[in-house]
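Peer 1: Single-letter residue listing:
4 protein chains.
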Amino acid sequence: MYYRGKRVRDVTKHPFLSLAAEHAAQLYRIQRDPNFKPSPMTEVDGRMVSTFYRLCKSPADMLTRSRLIEETTRAGSGVFNIVQAIGSDAIMALMIVSKALDQRAPGKGYFQRVVKFHQHVASNDLALAVAQTDVKGDRMLRPSEQKDKDLYLRIVDANDKGIVVRGAKAHTTQAIVADEVVALPTRAMTEADRDYAVAFSIPTNTRGLKLIARPLMEAESAKTPEEGLMARKNIEVESLTIYDDVFVPMDRVFLMREWESAGILANLFGLYHRFTALSYRQVIAETLLGAAKMMAEQNGTESASHIREKLAHLIMYREQSRMAIRLAALDAVKDELTGIYYPNSLWANIGKLQSNTQYMGSVQNMIDIAGGLISTMPSPEDYAREDIGPLMRKYLAGNARMSPEERMHLFRLIRELIGPMGGLLAPGMIHAEGSIAASLIALSREYDFGSSKALVTKIIKDGTADSPRRGHPVRH
Amino acid sequence: MYYRGKRVRDVTKHPFLSLAAEHAAQLYRIQRDPNFKPSPMTEVDGRMVSTFYRLCKSPADMLTRSRLIEETTRAGSGVFNIVQAIGSDAIMALMIVSKALDQRAPGKGYFQRVVKFHQHVASNDLALAVAQTDVKGDRMLRPSEQKDKDLYLRIVDANDKGIVVRGAKAHTTQAIVADEVVALPTRAMTEADRDYAVAFSIPTNTRGLKLIARPLMEAESAKTPEEGLMARKNIEVESLTIYDDVFVPMDRVFLMREWESAGILANLFGLYHRFTALSYRQVIAETLLGAAKMMAEQNGTESASHIREKLAHLIMYREQSRMAIRLAALDAVKDELTGIYYPNSLWANIGKLQSNTQYMGSVQNMIDIAGGLISTMPSPEDYAREDIGPLMRKYLAGNARMSPEERMHLFRLIRELIGPMGGLLAPGMIHAEGSIAASLIALSREYDFGSSKALVTKIIKDGTADSPRRGHPVRH
Amino acid sequence: MYYRGKRVRDVTKHPFLSLAAEHAAQLYRIQRDPNFKPSPMTEVDGRMVSTFYRLCKSPADMLTRSRLIEETTRAGSGVFNIVQAIGSDAIMALMIVSKALDQRAPGKGYFQRVVKFHQHVASNDLALAVAQTDVKGDRMLRPSEQKDKDLYLRIVDANDKGIVVRGAKAHTTQAIVADEVVALPTRAMTEADRDYAVAFSIPTNTRGLKLIARPLMEAESAKTPEEGLMARKNIEVESLTIYDDVFVPMDRVFLMREWESAGILANLFGLYHRFTALSYRQVIAETLLGAAKMMAEQNGTESASHIREKLAHLIMYREQSRMAIRLAALDAVKDELTGIYYPNSLWANIGKLQSNTQYMGSVQNMIDIAGGLISTMPSPEDYAREDIGPLMRKYLAGNARMSPEERMHLFRLIRELIGPMGGLLAPGMIHAEGSIAASLIALSREYDFGSSKALVTKIIKDGTADSPRRGHPVRH
Amino acid sequence: MYYRGKRVRDVTKHPFLSLAAEHAAQLYRIQRDPNFKPSPMTEVDGRMVSTFYRLCKSPADMLTRSRLIEETTRAGSGVFNIVQAIGSDAIMALMIVSKALDQRAPGKGYFQRVVKFHQHVASNDLALAVAQTDVKGDRMLRPSEQKDKDLYLRIVDANDKGIVVRGAKAHTTQAIVADEVVALPTRAMTEADRDYAVAFSIPTNTRGLKLIARPLMEAESAKTPEEGLMARKNIEVESLTIYDDVFVPMDRVFLMREWESAGILANLFGLYHRFTALSYRQVIAETLLGAAKMMAEQNGTESASHIREKLAHLIMYREQSRMAIRLAALDAVKDELTGIYYPNSLWANIGKLQSNTQYMGSVQNMIDIAGGLISTMPSPEDYAREDIGPLMRKYLAGNARMSPEERMHLFRLIRELIGPMGGLLAPGMIHAEGSIAASLIALSREYDFGSSKALVTKIIKDGTADSPRRGHPVRH
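Top line first, the protein sequences correspond to chains G, R, L and Z. Sequential numbering of the first sequence, starting at 1, is according to our numbering. Sequential numbering of the second sequence, starting at 1001, is according to our numbering. Sequential numbering of the third sequence, starting at 2001, is according to our numbering. Sequential numbering of the fourth sequence, starting at 3001, is according to our numbering.
To be clear, the hints were calculated from the coordinates, so they are not data collected in a lab. Do not rely on the hints blindly, as some may be mistaken.
[Claimed, not checked] Straight line, CA to CA, 30 Å or less: simulated BS3-like cross-link-like pairs of lysine-lysine:
#: 1; chain 1: G; residue 1: 136; chain 2: Z; residue 2: 3223
#: 2; chain 1: Z; residue 1: 3013; chain 2: L; residue 2: 2461
#: 3; chain 1: G; residue 1: 223; chain 2: G; residue 2: 6
#: 4; chain 1: L; residue 1: 2453; chain 2: G; residue 2: 136
#: 5; chain 1: Z; residue 1: 3037; chain 2: Z; residue 2: 3057
#: 6; chain 1: G; residue 1: 461; chain 2: R; residue 2: 1037
#: 7; chain 1: G; residue 1: 458; chain 2: R; residue 2: 1394
#: 8; chain 1: R; residue 1: 1147; chain 2: Z; residue 2: 3453
#: 9; chain 1: L; residue 1: 2147; chain 2: G; residue 2: 461
#: 10; chain 1: R; residue 1: 1461; chain 2: Z; residue 2: 3223
#: 11; chain 1: L; residue 1: 2161; chain 2: L; residue 2: 2116
#: 12; chain 1: Z; residue 1: 3013; chain 2: Z; residue 2: 3161
#: 13; chain 1: G; residue 1: 210; chain 2: G; residue 2: 136
#: 14; chain 1: L; residue 1: 2453; chain 2: Z; residue 2: 3006
#: 15; chain 1: R; residue 1: 1223; chain 2: L; residue 2: 2136
#: 16; chain 1: Z; residue 1: 3006; chain 2: G; residue 2: 394
#: 17; chain 1: L; residue 1: 2149; chain 2: L; residue 2: 2108
When you get a sec, could you build the whole thing from the sequences and use the hints?
Peer 2: Given below as structure tokens:
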């Protein structure tokens, strides 16, 4: 584990990584809060387990899961708490895919290994990370076509006891504070890529596994509490996850050279995780909306029609995510082999695309409403001085509903959202869970055009029913 | 009843108005179709009545209602069939408002008159039109402030037997083929406007009621069946509806100078009708989508990434309406006094705004996919000639899945959608059921910002909890 | 020549094609107007010729040319008058390309043939059409790869006297009223496509040339003058132009199997024509803007902030075209071999893309400002009746600056723009002169990224100048 | 002068403010560079003065001025160097307004005082700041209507020797390193606001003038040179500028209670400064474009059509600013009294609006092209370790044209642009030089609709010339 060029032995004692650990720990504190809604613990087979690790067996379960992600994100001041959500996304996808695999080619025991892993995770209430996105090298080439064969994670050796893997995964969130890291394939594979069709889980302290943390610049840069309203309290850390010839024991191998299943697994995990993401993304949308509304009140502009229009667009940005969540859960699909439900793909994809494509426009609306003081306001320390503090409070006062200092905090929150946090939020909101172009193409490819084409065919047929012209020959 | 400067005695014999009559008649033919889904007739208190006239007593009723509008629109080749949908929108709004009115000020008998009207309409399975939008004059002035006092419909005389009304309403759809026309106020009124707070219903052949039809240019302009694929088959007609001192008997007066209720009634009817509109609008969206998809197939461009992206946007345009419909029905609100449900306002408004603001962009996507032949293709008559017909079929062939003539019909359908029908569709999709600006402002004004503001307040509070700076004085 | 399935012998006597002829004739009437600015006739070598046929020898010539297109379009009530503009676009492109061709491979005499053609055209003040867009068949295949080899125009026979060509071109504007039709290649060719690398001009009455006119629905559909304010006065007609084994004498052959020059010629003509198109497109933009502004005045909404914002977007839509025109002329590039200037490609392309992509949004703004009466207003004939005419004028009056009837004409003009003319305008504004996707890709491909990349390289170099970390080895 | 709660005596020795001083000093180093183009020094009346302080006497002068801003911004790694540009914007606006004022009411000597100030500034080659935006309090109230009368800068005392002013201005750029600060009114004033109609200049060390710097978080947060590629090299600092009863000697008072001139001065300075801003904004656009292009090359995606489309939009974003600059200079308007030119208002406003409204979308395009590593890449320090450094270079390599470390620098530059610098850039690009809503309304209000309305009037007149219906009476 590395941070800014130094090995880190204990993240809980590191000045910045401890923030990420503390954030993850909040999930466990919430589990002990009897008033938290929805309930973070659920009885399954007579035992209380984390609600995240309850398999979704109905649309209602999906909705509860979404609300739990929403409320834990809200408890985390708008920062998602990933450590059980993403792991359970992976476990449900693995269960469905491994069951189907075993059905088609019995005797390989994939499903049982996933079930055992799930029991281990649930009964120990573990924190999990998921490593999916390979570093990819030349993006126009498939894994096995790359000059350096290691640019996608692959099996370099295998025997009865287990496999040895090599490669690197980018953007692994919270691996540094997780108990285990689950690795999943990032895309569909061909037979030539079979060594790259691999899924497994290992503890984060496994030999050969190297986690290189991104610098937590959003927390480091806050000289005062007021400048890191979010980041000094709640933060997650991504790492570059390097598998430097790591041994994985066989009972943790969930996919091994089954290349036909790699794409199915990648997509199904993606679908679960897109639903998870919508659930926290709407809280980010809510943060922008709340900040913009309070800023409009403070500036005394909330009744101006152009401000109302911008607020309406921010409302729509938030509520479109909520629409997609509701319907993706209500129309969740049951996997017949396992009885596990997965989110409706159409609604999840539409929700994702709306969230990706309209984030920057929503930030623009918030900035437009707030005004230029976002970037030019003085430091918190200046308020404490006897000479200029009173002058600042005189001149920077807004609406009486808030003190001048609270108003400055509101500016600072927006500053944080578009500055230190912006460097994280903008790429995340645009890219996380797959690029916009890929999602648009997928939406168009998977869509059922049946009723649309039937309607057009009917209109043409009815409209030309009484035409005198029909069936003329074509000249060749 | 007037059309192009001539009085029309029998619309069913008029070469163009008969199309609108025929379109309305389709609804009655559907009522006799036992296979039509959802069922157009419903048993209420032991009698079969039109499903439109069954009051919505649950979210499921709202969904059924929406599906009936959708399917009758699809049966009408993408053209809405309004004659019972809008009337029932009005009746449900009138029931809720009149009941509340009677509750507050008993003894005026409004609710009973509405109930009686509903029974009359349902048992006779009538076709209704609704006249709401006043001609308005100077839009910056209230009704009573206008120079000409008649620019909003008003009561000019009243006695025990009834009232006399004067004024004009614009864009009354299908009044010309309806049994009765219901008049509703178009906006909130002040006490000074009390004579304008009026709602009632009268038969279309009432003395003093003048209906001046718009010219059905989209049907008139089709020289051949192929050029009026939609309009020569299915069409609705709007009229300017002039009340030239019309007497309304008291049992048909549903609102009389109750100015506090005018805005509530206008809005509640608007809400019902917005839900109705979403239900037919999605079929228009589906027409664009189907035409674009089939065109891409014909041009052989359907796998090009920019074409897929445009199709994805057309998919989103359609599906966003469906999302709003589903949720507006599922979250429908029960009026406690009457037990009648009305659509959820947030979802209905968001759906409406998406439908309004993205229609022209969706048309652009369809045109972009289709290509320039939309406007430059030869006439249907040319195909029948022996000399050039075969050449045309040779040169204008597309993908083998369709004959060259069917391909031309596809171009012609798009041509009709953006040409003759475009003059009707574009203003309708942008304006009908209220302007974009008004809807954006309403959305922002009615929204509950509670959780957004609570979240921002929490972030600021938590983030500044350990700040050394607090409570400095303001210099005045 | 065919129209609606009938051969047309004399277009000037045809009820609708005569409108297109009359429109073209307006250009010649303007030539005789001594007050027309800029001057439609110019002295060249002691003789007066049409300003269109003066070769552009300076940026000032390009600007004059643009202004002449603008003013003749304005004289044509917003309808472009193409018959000399497009021909001169072709002649200038042909001169530059043929000169370069002769330079590389002397002795073929291309340039001289073009010069001779130009003299013929200019001294006889001819009207020309240009046929460029082939019908294309399967768009994923090159010309020689098509199943039917005739789907791009090609040379099927050749000898010393001339060539025989076969194929069809779509969307040829005003060929039906032109003296000659120039054919140009539509795209770059490979050696395998050499028979498709062909350019020439022939009179419109040449044997084997078949022109099938599109139906002029926008004019046919106007039952009254008021419903065809534009189309009954000014209109152009496109045809499908079929070359059914047409012989072209050698002195009119401007490109013959010179496949390397086909793409250059296609692009250079496209560049000239894009500049021409910007010059008339801005007048269409001006029509939308003027109609929207006058409508806002009539509705009394012109001071509402959301109306002002929409007007501002309409202003920008018009003025962006003017910006591109000005700069494309000012930065026009001199072809050194001929001394002829061609428009600056960067500015012309940006102008084109703005015009393509924002047209539908501009129409939306106009509709939004105007209101729903666009589509629901009564017929002109109704105004003449003694019974309802006065009522209509009472109720449909707007601002006193205009009579009720003039106000209705304004609505009708907008109705025409988005209805009958909309079927022509929208595809034209989106597609004419090449698709949006193709233009975006071309813009990106041709752009000089030099200074942008140099700037980024400099920032990185300066920023890392004092970094202690440099030149670490890569592990392979 | 205050920074983070401490008084700063010498900015050149302050660890962060020295960066802003150093940045300003770069302008003076450039003045001594004989190869810098365009020349930063110009001969005026036999003496060499800064080209910024040469008054614009022609469109060519305006273009040179723009190019100088562009090139000094490019020299500053994309960060504008304001200290002479903004001052000369103010001086030219003051000259024109004061001359007109003296013309209308001779004897007050305003113009002479401005001329003398200009000579002082030019001959001493001073650095200037301009304080314009008042803190404003309740934005729905005029200056004199505010509860606290000091929320706009005002004259609280005056005698023959000078005036005493009180108030505060927000966002004063580089006042902290300037020799003098010019104060200008922020808006039009009524007679009741006459004490607020005040313009003057004073040295930054004047008693009572308090400059409270914003914290330079973008520089503070860079732990390594690689993380502050821009901000650790080039930065400007804004301050809250408080006039705590400051005395201004009369020869530096340029506007004193001349309330009719306040708005003219505010707008004219705004116009000059908008032109200045376009000149540096295009360099920011160029930075986004260059970073996106190089990123696409590194990711191997530059030939993907959706990437090309996004690059095309980034090209348009940059080039639209250049279009506006060119035309605003070419169509610059001569003030007849002084002979000084000011930029064309239409083009400057359109350029400003394009730059404001499309910045966030351009950032989105850059992020979309670059990918998620922007936010998740490891620290620069990690590259130096012997254990993980080689692995990082192996796995994070891109295209061979760049080393893995240079590729990471490219990601870091984008990270800086959207993170630390983003908090400054986004509000600046959206808000600086006036809000979007205000600019849209101004554009619509100032526009000459003459030719648009004439065109529409002509179309209607011509189109109805042969109508049989005219002049029917209106019923009242």
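Peer 1: Checked against the structure, which of the hints given earlier come out wrong?
Peer 2: 12, 14
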